[in-house]
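Start from the sequences and build out the full structure, keeping to the hints where you can.
Numbering (our numbering), first residue to last: 127 to 225.
If you're looking for bench data, these hints aren't it; they were derived computationally from the structure. Heads up, some of the hints might be wrong.
What the hints assert, rightly or not - Restricting the straight-line Cα-Cα distance to at most 20 Å, the calculated cross-link-like pairs of lysine to aspartate or glutamate (EDC-like) are:
1. Lys149 to Asp169
2. Lys156 to Asp169
3. Lys149 to Asp136
4. Lys133 to Asp188
5. Lys133 to Asp169
6. Lys156 to Glu170
7. Lys133 to Glu154
8. Lys156 to Asp188
9. Lys156 to Asp142
Unchecked claim - Pair by pair, the computed Cβ-Cβ distance ranges are:
10. Ala183 to Val161: 30 to 38 Å
11. Gln173 to Thr210: 32 to 40 Å
12. Ala184 to Ala147: 23 to 31 Å
13. Leu129 to Thr151: 28 to 36 Å
14. Ala152 to Ala183: 22 to 30 Å
15. Asp142 to Ala183: 34 to 42 Å
16. Asn186 to Leu145: 39 to 47 Å
As the structure is a prediction and not an experimental result, all values here were calculated from the model. Quick reminder that beta carbons are idealized off the backbone N, C-alpha and C, glycines included.
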Amino acid sequence: MSLMRAKIADPRTLRDVTLRAAKTTAAEAKARGIVDSVHAGADEALQAAMRMGEELAARNWDGGVYASIRMAAFPDLCRTVGLTAEDAEEKLMTVAAKL
Numbered sequence: 127m128s129l130m131r132a133k134i135a136d137p138r139t140l141r142d143v144t145l146r147a148a149k150t151t152a153a154e155a156k157a158r159g160i161v162d163s164v165h166a167g168a169d170e171a172l173q174a175a176m177r178m179g180e181e182l183a184a185r186n187w188d189g190g191v192y193a194s195i196r197m198a199a200f201p202d203l204c205r206t207v208g209l210t211a212e213d214a215e216e217k218l219m220t221v222a223a224k225l
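Pasting the structure below:
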C-alpha cells in the first residue's frame, strides 16, 4: 500500500484503484499523474529512460544526493521495503569504494 500511496497522490484515484479495482490505461495513468510518460512499447520506454539517464549524467548530478532526496520524499515507502538512510549511505560508500 505504501507504494500505491507514494505513486497515486489523488485520493479518489487511490480509492478507485485499490477498492474498486479500476483498470487504468496508460494515457489515463499519465493524466492522473501516476506515471510521468507513456510510450508505445518496451523499446520506446527503454530509449526514453536512457535519454533521461543521459540528461541527468550530463548535469553532473550527485547520485547520493538524488537518493537522499528520493528517500526524504518517500519515507513510508522506504520503511516498507526496509531501506533506511543508514542502508543507503552504506551502499553508497560501498559503491564509491569500488570506483
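Checked hints:
1. Lys149 to Asp169: violated (24 Å)
2. Lys156 to Asp169: Given pair Lys156, Asp169 holds - Cα atoms ~19 Å apart, limit 20 Å.
3. Lys149 to Asp136: holds (16 Å)
4. Lys133 to Asp188: violated (24 Å)
5. Lys133 to Asp169: violated (23 Å)
6. Lys156 to Glu170: Satisfied, since the Cα-Cα distance of roughly 16 Å is no more than 20 Å.
7. Lys133 to Glu154: Holds: Lys133 and Glu154 sit about 14 Å apart, inside 20 Å.
8. Lys156 to Asp188: violated (28 Å)
9. Lys156 to Asp142: Judged against 20 Å, a Cα distance of about 16 Å means the pair holds.
10. Ala183 to Val161: 30 to 38 Å: violated (22 Å)
11. Gln173 to Thr210: 32 to 40 Å: holds (34 Å)
12. Ala184 to Ala147: 23 to 31 Å: About 41 Å separates the Cβ atoms of Ala184 and Ala147, which means 23 to 31 Å is violated.
13. Leu129 to Thr151: 28 to 36 Å: violated (20 Å)
14. Ala152 to Ala183: 22 to 30 Å: Holds - the Cβ-Cβ distance for Ala152 and Ala183, about 27 Å, lies within 22 to 30 Å.
15. Asp142 to Ala183: 34 to 42 Å: holds (37 Å)
16. Asn186 to Leu145: 39 to 47 Å: This hint holds: roughly 44 Å between Cβ atoms.
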